[in-house]
Structure formats: structure tokens, C-alpha cells
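Q: If you read the sequences in order, they're chains A, B and C.
Each residue of the first sequence is one higher than the one before, starting from 38 at the first, in the working numbering.
Each residue of the second sequence is one higher than the one before, starting from 101 at the first, in the working numbering.
Each residue of the third sequence is one higher than the one before, starting from 570 at the first, in the working numbering.
It cannot be assumed that every hint is accurate.
To be verified - With the C-beta cut set under 10 Å, the calculated list includes, among others, these residues of chain A facing chain C:
no., residue
1, 144
2, 146
3, 150
4, 151
5, 210
6, 225
7, 249
8, 254
9, 285
10, 288
11, 289
12, 305
13, 307
14, 321
15, 322
To be verified - Pair by pair, the computed Cβ-Cβ distance ranges are:
no., chain 1, residue 1, chain 2, residue 2, range
16, A, 250, C, 702, 50 to 60 Å
17, A, 148, C, 736, 35 to 45 Å
18, A, 83, C, 669, 45 to 55 Å
19, B, 328, A, 351, 32 to 42 Å
20, B, 428, C, 606, 40 to 50 Å
21, B, 249, C, 702, 37 to 47 Å
Quick caveat, the hints were computed from the structure, so don't treat them as lab data.
Glycine included, every Cβ here is placed at the ideal spot set by N, Cα and C.
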Amino acid sequence: MMAGRRDRAKSLVTGPEPGPETSTDASGPRRSSLLEVSDLRIQFSTDDGVVKAVDGVSFTVDRGRTLGIVGESGSGKSVTSLGIMGLHSGGNARISGKIWLDGEELVDASPTRVRQLRGSKMAMIFQDPLSALHPYYTVGYQIAEAYLIHNKVGKKAARAHAIEMLERVGIPNPQARVDDYPHQFSGGMRQRTMIAMALSCDPELLIADEPTTALDVTVQAQILDLISELQEEFHSAVIIITHDLGVVAELADDIMVMYAGKMAEYGTSEDIFNRPGHPYAWGLLGSMPRLDQARTDRLIPIPGTPPSLINVPSGCPFHPRCSYAATTNGRCVSEVPLPRSVGLDHEVACHLSIDEQRQNWADLVAQAAPAASHGEDT
Amino acid sequence: MIAFLIRRLLATIVLLIVVSAITFGIFFLLPRLAGQTTYGLATQYVGRNPTPATIHQIEQQLGLNAPVIEQYGRFLRAIVFGEHYRSGPVVAYCPPPCFGYSFKSELPVWPQMVSDMPVTASLAIGAAALWLIGGVAVGILSALRRGSIWDRLSMGVALAGVSLPPFFTGLIALELFSYKWSIFPNVQYVGITQNPLLWAKNLVLPWTVLAFLYAALYARLTRSGMLETMTEDYIRTARAKGLPERTVIIRHALRAVLTPIITIFGMDLGLLLGGAILIEYTFSLHGLGLFTIEAINNQDLPEILGVTMLAAFFIVFANLIVDILYSVADPRVRT
Amino acid sequence: MQVTQPDPARVSSTALMSVSGLTKHFPVTRGVIFQRRVGLVRSVDDVSFDVARGETLGIVGESGCGKTTTARMLVRLIEPTAGQIMFDGRDITHLRAGAMRPLRREVQMIFQDPYSSLNPRHTVGAIVGAPFRLQKVKTEKGTKQSVQELLELVGLSPEHYNRYPHEFSGGQRQRIGIARTLALRPKLIVADEPVSALDVSIQAQVINLLADLQAELGLTYVIIAHDLSVIRHVCDEVAVMYLGNLVERARRADLYERPRHPYTVALLSAVPRPEPLQRTQDGRRDRRERIRLTGDVPSPLNPPSACRFHTRCWKAQEVCRTVPPPLAELAPGHYVACHFPENTPAPS
Ligand SMILES: Nc1ncnc2c1ncn2[C@@H]1O[C@H](COP(=O)(O)OP(=O)(O)OP(=O)(O)O)[C@@H](O)[C@H]1O
Ligand SMILES: Nc1ncnc2c1ncn2[C@@H]1O[C@H](COP(=O)(O)OP(=O)(O)O)[C@@H](O)[C@H]1O
Ligand code: SF4
Ligand code: SF4
Ligand SMILES: [Mg+2]
Ligand SMILES: [Mg+2]
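For reference, chain A alone in the conformation it holds in the complex (with noise of 0.2 Å):
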């Protein structure tokens, strides 16, 4: 399992290399991970200009882990998921860059073919359950169709399969629910079924947009815990994406911070949480009120609001809200920071040294413990 993530792609690194060297080539897919992206591109033209809503991202997900992405809104984390699946289908939109599922290119594939894994490998469940269920059909039917269009069965067969589905993702009483519409169901339920249809065939990757969004606190705890579940009985990979470090905390083995459709920092869910070297991340981890921490007076926000991706700005597109960018002698308005390598499957994307970014996160959690001092209580 360790031996997979060692194996991550490491075309972009061109800082010091601490593991042992593998390939360097993009131009093949390793065979050890199921998933692997590289340099993903994609862009759609509009009235306003062209939206580079994918800018370069690069990063691989093996059978049985789950990797998160977190990011603000519009960062490009559901365009990245969604050219995964191939599902932008509007005219306007241009993919470049390498995605391979199992070894197998999908970007140059034909339409027919990806259309083929979609729903059987690859599967998606989306943020608003009620939204992305058809109102006019039963959710047996609707799970049913996913399951009819990739396997030569009947449709009794595929019926007597949503049912068994529904009871796999915890519908009380599936064989009387599976007739009901989805207006019917509550918020929990719906998405439930959504996780029931992305199962039905068995898929080895799962993405999962914002799953939880749209739920209740306590809601959300139980879908969480299911897809953590089903994951350990299918064993798949699973991508989740949300906005919300809590959510990815629960499930993520990896995670990717994105930030103006690039890649900011990648690394393991301890990496970022107790060491992330990234600016922007630690403006997430700041601003952001922790039931799990003793209660500060005051959060720490990320100043200004995330650029516009039809002018992102020049060299590192975080530079006009961070508070380092200062410190690097104007590289970071002129030159784009690559990944770079700062500890065993450890990526960063910024101009600071490994030895700023410690020294720099160190302090900011010096600086946060005496406030903790000084608030009153938990």
C-alpha cells in the first residue's frame, strides 16, 4: 500500500529528491496506481475570455485510498473531476495533459469508449442530491438504468439489483422504497441512492463532488461513514472533493490543496494538517474555527478574494494575498513555482525554501498558541 504512493508521479519535481528516484517520463502510466493524472489542462472559451479553470495539475490514486481535494470555490476542483469522467461535453471546453485509468489513456480515447467506463469503472456522485436525481423516475429505475447499460441482464434482474443496492447503502425497507420518486426521499436518502447508482456496476474509482454539502451535520456524519465502508468492501479508490477540511480530514489518506486551478500543495493528510508548507494552506487551516483546538479570539483570514481565472495573476497566482510574497525578491509576481518536492510524497508549489516554510509554519503556530491562552474556555 505504501510501495503505491511512493510511486506517484514525479515529473514536476525539481527540488532535492529525498525518496529513490523513479521514473521521470510522463509519457507511460505506472502500473501500480490506478489512477494517474499529469499535467491536466483544461480551458473553456467565453464572451469574457479564456477561463483556465485547470492549469497543470498532476497526481495519481491507487485501489483501496482516497484522495481529497480542497480549495475555494472556483478553484477547479469539480472541472478536474469532471474531465476525469470525460463529462465536458460542451463545445466550448479544451483538455490537454495525461489521464490514465488502469493503464489506459482517456483524454486522446474515443468518446464511445470513455462513455463505456463512465458509470462501470469510473462513477460520480454529485453535491445536490435532489438536483441531480431525475424527478420523473422512480429511484429504482434510475439505479437500474446505470446497471441495465453495462451488464447484459434483464430488467427484472437489474430491479432485483437496485433493491439490493438500496439495501447496501442503508434504505430501510428497499423492496417497498425502490417505487418511491425522488422527492419522496429526504436529503440522507437521496444521496444515498446517488451512492447506490455510483456502485451498481461495481466501479474502481468513485469521485465524489461536494458529497455532503447539501446535508445536515448529522446526515453528513452517516454518508461519510458509509462511503468510508463501502470503500473498504469494494476496495476502489475514491477522489473526494469539498471545500470543507473537516470532511476531507475523515476520509483523505491524500490530499491535494488547489488554489486558481494549480496545484499549491500535495502530500499526506498528516502533511498537511501538521506540517503544510504552503501560504495559502496555512491561511485555510487559520481561518478556519476548530471545534477540535482550544477556541482562539480570533481566526487568522486569508486577506482579498480569490482571482478571476480568465486573469490569473502573474508568476504565483496566491501572490496578491500572501503575506511572504514579499520575501522572495519579487519571484513571486514573475515566475511560476512549481512543485516541488519537500518530503517523501510531499509537494509544494512555492518560491519559499523548505527551511522558510518550517520556520514560517512553526511560527504561525507559535503565534496562535498564547491566543489560545488567552480564550477564556475549551
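We have chain A already, so just place chains B and C with the ligands on it with the hints.
A: Just chains B and C with the ligands now, with coordinates in the frame of chain A:
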């Protein structure tokens, strides 16, 4: 569902009564409010050379000077149970639904309407089928090939269809296809039971002209509905399942697009009389449309009243059908 | 610290607003012409709390538990079915529109959605200056300058005066909304989910802004949120609602350290913690001990009997289905409506 049906049916009956009251009010009450006397009204029922005596007699016979409520009651009763009219020594029975006798021809109104109905019905049903299928098909293709030559061309034609009055397009069609090229010479109504082929052939031009008006509207509606639906989350879900694009469009998108269109279709069908009037006039087909025009020209109150009630009935009935269809199509309305 | 009392007869001098027995039921009707009442949505049922001057009361709960309805009653946007609202010593429960006018200055509301709560056709200046015009208030320096000062106060630039809402990001729009509520120097601000539509980094900006304004202007807040960590950060006193009922109310530290109502315990337990995931030896996720509620919140149309939480509560007994638990003060200032509260030593 049953409860829903019963509720809807009851509401329909209530609505019909309201409509009849309004219609009655307009045609019986308004003239009086405008200062017309019952004597003046009765004058219209008497043929040429009325004498005051005969007019008074008619006034009595028709109960024109009875209280309004009583008259309305009699009007309703006549529709439901029929009515006996005394005209001198003879008692004429007007069977239900009785809308009285025409001023002009002195024939009962209802049988005339019945005899004119097949023309209008043929016109309406044929044209409706044509515009529904044609409009929706053009709309879907335009939406799927958004921005293409086809899209722009068909939407341009659709704009013309919506804005050109049908008697104008009708006259052009007659001029070209009937007189100039003689493809459909002398358009006239032939009963479907007499000669189905000739029936259809003769109606091709009127159908097309009438359908053109509506098809244009439906094409635009379908196109915009389709464009909107294709961006819905559930369409993305359908694609994410790996369904072929054809299935996504037909089973997922079209299903959602058609539901509101069916509703509008039902309403349009009910309102079709308006369109039919123009077409029948243009092509000189003697259906309910021409019947209406003649009734208005002759100020033939019973005929106008009859045709108004009939139209109202169709509209209300179409509404009922639409509601039922809608509840079948959209499960969310059922509960 | 001051212990607040639910009893309106004993309103403490520090309570700016005092609510008792607040109730809102919405009749559900069918039919257009013949309206029949087919049910009653019990959105808010018998809710009592005090809001101390200069403090922040948080109301937290899941979707549909009646938070927004409560907020709208507090600012008198909707008429309560029953109960009493005292503001600054006056009973404002049934004030008529005319008598409400001065009150509208003192009590203001911030809405959840920074996108739909601003009129897209009005400039920022017109939006923020609207309260002056509506209330016919003359400012010493003229409306424009006052508005520009307000914009600066909430961290926007005075040059934004002539721009339109669509030119601003979500966080900036929420600032515009806050500026508008501050125009008439209110005493109390009721904020319904003021940050839940915003990104984390922007959310922190707005939270800090609210804290600064409170310190600077001595404001009193009622803040509604579904996010327990946000509530802990901003509130002094917290009220937990479930299905129209107030189930627990306490000082912040008491509530988060010793939650007593089973629902509060479960709610706190369900919040995902941003701590890195641990795996056990066999590669499975190491699940911390968690309380997991089953099912969803029932419908407020015909809610469960007595204790409304009994359908999901792991401690439920027969008595929970038959006897409504009263809101009792289990510790000083800590009110809980439960027959078998948690974190409470057994009565000796
Ligand atoms: N005008 C209304 N008519 C009928 N029911 C209503 C009305 N307004 C609110 N309700 C119902 O009252 C209950 C409480 O609503 P409220 O908006 O206060 O919830 P909330 O706690 O703010 O939830 P959320 O977190 O989703 O905003 C809900 O079940 C809602 O459907
Ligand atoms: N079809 C499209 N056409 C143009 N721009 C798009 C399209 N889809 C997404 N975008 C833009 O791409 C950027 C990234 O979007 P998205 O991946 O959805 O963000 P998020 O990280 O919130 O999921 C946004 O600026 C969005 O407006
Ligand atoms: S590269 Fe520069 S601007 Fe970008 S995050 Fe690092 S220090 Fe900040
Ligand atoms: S009263 Fe009973 S059901 Fe309600 S919360 Fe307490 S223990 Fe649970
Ligand atoms: Mg997204
Ligand atoms: Mg609300």
C-alpha cells in the same frame, strides 16, 4: 389519484357554471345595461316586417321580461334538459343541449354547430398533430446544434411563423399551391368517411398554414426548454452513468421538456377556434369558424351564445385533460 | 457571569431582548378556491431565551428546525402565533406597522444569501443608503458621506459607492449587507446564517468583521448558524434547536464542554474534525468513538410526540414518548429539555 380526479371533475363543473353565467351575463344583461329594452331584443327574434303585436308575443314567449335569475335558470335548464317553444299553435321541442333558435335561419342552433364541427375538428386535430411533431422535432434539433446554420435558419423561420398572420401565409399558400401550380386545387371539405384520401389531400394546405403558426411557437419553446434542461444536474448524472447520448436526450431531457409543452398544447387545442376562424375564412371551409363569423355579422345572439359556450367548454375540458396528463407525467404533482 | 432567566416577569436588567413561549405554526392548506386546512407545520414551538446586552446569542440546529422562522419573528417580519417578545423593556410582540417604525432602526437583520438579498439594479450607495431614505433620517454630513463611512467601516472602499452588487464577490456582498444594517446604528442585529454561503477564508474575514463591529459599536447579536464551530467561535450563549423546540441553552463553555442534551452530544460528535486520518494495523480507518444518529430529522408537519427527538435518541424510554420534557435548569444557567440528560451526576 382517484380523489384527485374527482376533485378536478368537480372543479371543472363549477368552472363551467361560472363560465356560463359570465357568458349569459354578457349577452343578456349587457344590452339591457346599455339601454336596450326587452322590446328591442324581441324585435331581433321576429323576421321581416315585425308588427308590435308579434314582437310583444315573442317577448312573452321567450320570457324576456322575466327576472334575470329566472332567465338564467331557464337558459341553463335548456342546455341540460332541452326546452319547449310555443310558436303559435305548434310546440317545437328543442332537445338538449338547447341553445335556442337562430334569429336568422330560425333553425335550432345546436344541430347547426354539430354539422359544422367535423370540419373544424379535422382541421384542428390534423394541424395539431403536425405542429406538435414538427415543432418539437425542429426545436430539439436546433437545441442540439445550437448556433449552427440549421439552428439559425429554423429559428428565423420560426420567428416569421410567429409574427406572420395566418390569413397572409394562407393566401400566399393558396396563390402558389392552389392557383399557380395546382398541386392542391380547389380546397374544400370532404368528409373523412366519404373519401379519406381526398379528405386529407384537401386539408393539407389549411393544416400546414395553421400548423405553421403554432409549430413556430413550439419549436422555440422546445428549443429553449431543451437548452435549459441539458444543463440540469440530472442530465449530467445520466451521462455520468454512461448512458449513450441518444438515451440521455430522449429519455431524460425530452421527458422533462415535453411535460410543460403538453400543458401548453392542451390549452392551445382548447383555444384553437380562434386560429380556425382565420383559416376557415381564408380557405372558405364551412366549419365552426365561419359559423362564428356569420353569427357575429348577423348579430345572431343565440348562435353567438352557443358557440361561445361550446368554446368555453372545450377550453375547460382541455384544461382538465391537461391537468390529468400533467399529474401522470410529473409524479411530484400527484401527492 | 450573569445567569439569564426565561421568565419574562423577571427580565434581568442586562437582557436587551427577552423571548418567552415564542411559537409559530403555519397552516398547510390545499386547494385554491376552497381552501382546506390539511395540517399544521409546527415550525417553532414554545421557545424562550434572553439576549444579554453587548453579547452574542447563537442559535444552532439542523435544517428545518425553525432557526430562520425564529429570526424573522424576532425582527417582526412574521407574526408569532403565540408568545412574547420584549425588546429593551417594551413588549413588541404585536406592534402595528406604524409603531414598528422606530423599532426597525434598533433591530436589523442580515440575511444568509449575499446574492439574492441585494437588489441588482441599485448601486451600492443606494442600497446602503436606503435605510436613511426609508426612515427619513437626516445625517449631519449628508447621506453620501455617511454611506461612504459605513463602507469603510465594513472594510470596503468608499469608491465602491457607485458600483453594482454583481461586481462584488460573495464576501464583499455580505459586507455591503452588513453596512446596510449598520446604517441606522441598531442595538440588535439578527444574522441568519451570515457566513454559510462564503468560502472558509472569506468566512473568517466576515466573522472577524462582526467581532470588530461588536467591540466598536457595542452591538448585541443573535447569530444563527448550522455550523457548530462557527457558533462556538462567535457566541457567548448558545441555544440548540431541534424540530421547533429549544432543547438546550447554556453559556458557550458549558455547552461545548458538558453538553447535556443527547441531541447536542450527537451534533457535536458528528462535526468532522480536521485531524489527519489514522489507519489501524489492517489498513482500516480508525474511527474515533462516535455517536451516530440514524435517519433524518422528521417532518415538522406532525412531529413526534412529547420529546420530538425520541425517534432518533439512543436513550429514549417510554416516558419520552408520552411526557414532554420541560426545559429545566440543571446547572446555573444551563437549561436542558430531557428526561435523561448526559453529563449529569445521578441525583443522590
Ligand atoms: N411560510 C411557511 N409556510 C409553511 N411552512 C413554513 C413556512 N416557513 C417555514 N416553514 C417551515 O418551518 C420549518 C422551519 O423553517 P425555518 O426556515 O425556520 O428552518 P431553519 O432552521 O432556518 O432551516 P435551514 O437551516 O434550512 O435554514 C420548516 O419545516 C419549514 O418548511
Ligand atoms: N462550462 C464552463 N464554461 C466556462 N467556465 C467554466 C465552466 N465550468 C466551470 N467553469 C469555471 O471554471 C472555474 C472552476 O470551476 P469549478 O471546478 O466548478 O470550481 P470548484 O473548485 O468550486 O469546484 C470557475 O471559475 C468556473 O466558473
Ligand atoms: S510563491 Fe510566493 S506568493 Fe506564492 S505562496 Fe509562495 S511565497 Fe506566497
Ligand atoms: S427526553 Fe428521552 S428521547 Fe428526548 S432526548 Fe431525552 S432521553 Fe432522548
Ligand atoms: Mg464545485
Ligand atoms: Mg434558515
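Q: I'd like to know which numbered hints this structure contradicts. Please list them from smallest to largest.
A: 1, 2, 3, 4, 5, 16, 20, 21
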